[in-house]
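Peer 1: With these hints in hand, go ahead and build the complete structure from the sequences.
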Amino acid sequence: MNASQNDWNDLSLQDIWDRFLKGDIRSFETIFDRHFPRLFRFGMTLLQDEDIIKDCIQNLFIELWEKRAQLTSIEQIEPYLYKSLRNRVYNQYNAEKRKTEMLELLQKHELTGINSSGDSDYNTKTDQTNLKTLVNELPIRQREAVMLIFFENYSYEKASEILSINIQSLYKLVSRAVASLRSNLRK
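Letter by letter, the sequence shown follows residues 12 to 198 in our numbering.
No lab work stands behind these hints, which were simulated from the structure alone. The beta-carbon is built from N, C-alpha and C at its ideal position, and this holds for glycine as well. Wrong hints could be hidden among the right ones.
Stated by the list, open to error - Derived DEER-like restraints, expressed as beta-carbon distance ranges:
#1 Ile176 - Arg37: 37 to 47 Å
#2 Phe51 - Asp26: 19 to 29 Å
#3 Arg154 - Lys94: 25 to 35 Å
#4 Glu168 - Leu24: 27 to 37 Å
#5 Phe51 - Glu168: 50 to 60 Å
#6 Phe51 - Lys78: 47 to 57 Å
#7 Glu77 - Arg45: 18 to 28 Å
#8 Leu22 - Thr83: 11 to 21 Å
#9 Asn141 - Gln69: 35 to 45 Å
#10 Glu148 - Leu22: 15 to 25 Å
#11 Arg187 - Ala80: 47 to 57 Å
#12 Arg193 - Ser84: 18 to 28 Å
#13 Arg79 - Gln179: 25 to 35 Å
What the hints assert, rightly or not - As a list, the in silico DSS-like pairs of lysine-lysine whose alpha-carbon atoms are at most 30 Å apart:
#14 Lys183 - Lys169
#15 Lys108 - Lys169
#16 Lys108 - Lys65
Peer 2: Printed below as a string of structure tokens:
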């Protein structure tokens, strides 16, 4: 090990973070290598899906690298990383949950659309076409909200930023849209 490697190992996490903020790739790699195992174990306590946890960690670090110019020097780096990962995992979980809810809504409608003659494939295609038509008939803001939340899998927080509305208004907007879809699907 040469002198420069010894010097590198002697750097505090804060010094490495500060170098990372200035665009030093080696510092970025060091932060990733030092924290990945612990972040992974922590993530697995939140959601027992290795692939999702690995994706969340990788996406966290990709975003850190891309937004390093906007980041500040922070004193508690590890809590920052843990909190950021926790938020990502919860957002991913909520996106999957919303997707499941929409699929269940579709499946309920598809099941009620099967007629006794066995034309279920025809009815399923017809029902999916009807749902797409109904989504397209929603008021523009409701349609945008449904598309972002259920089809693009954005978190409510990100969708509210995109739509430039507060998150509470977005919840109401999506709720009204889903109620309208349910009502129209029953007709």
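Peer 1: Determine for every hint whether it applies to the structure shown.
Peer 2: Evaluation of the provided hints:
1. Ile176 - Arg37: 37 to 47 Å: 42 Å, holds
2. Phe51 - Asp26: 19 to 29 Å: 25 Å, holds
3. Arg154 - Lys94: 25 to 35 Å: At 34 Å between Cβs, range holds.
4. Glu168 - Leu24: 27 to 37 Å: Holds - the Cβ-Cβ distance for Glu168 and Leu24, about 28 Å, lies within 27 to 37 Å.
5. Phe51 - Glu168: 50 to 60 Å: 24 Å, violated
6. Phe51 - Lys78: 47 to 57 Å: At roughly 22 Å between Cβ atoms, Lys78 and Phe51 fall outside 47 to 57 Å, so the hint is violated.
7. Glu77 - Arg45: 18 to 28 Å: Holds, at about 20 Å.
8. Leu22 - Thr83: 11 to 21 Å: This hint holds: roughly 19 Å between Cβ atoms.
9. Asn141 - Gln69: 35 to 45 Å: Roughly 39 Å apart at Cβ, these two residues keep to the hinted range, so it holds.
10. Glu148 - Leu22: 15 to 25 Å: 60 Å, violated
11. Arg187 - Ala80: 47 to 57 Å: Violated, since Arg187 and Ala80 (Cβ atoms, about 39 Å apart) do not stay within the stated range.
12. Arg193 - Ser84: 18 to 28 Å: Violated: the Cβ-Cβ distance is about 50 Å, outside 18 to 28 Å.
13. Arg79 - Gln179: 25 to 35 Å: 32 Å, holds
14. Lys183 - Lys169: Holds, at roughly 16 Å.
15. Lys108 - Lys169: Holds, at roughly 16 Å.
16. Lys108 - Lys65: 19 Å, holds
The structure fails to meet hints 5, 6, 10, 11 and 12 from the earlier list, while all remaining hints are met.
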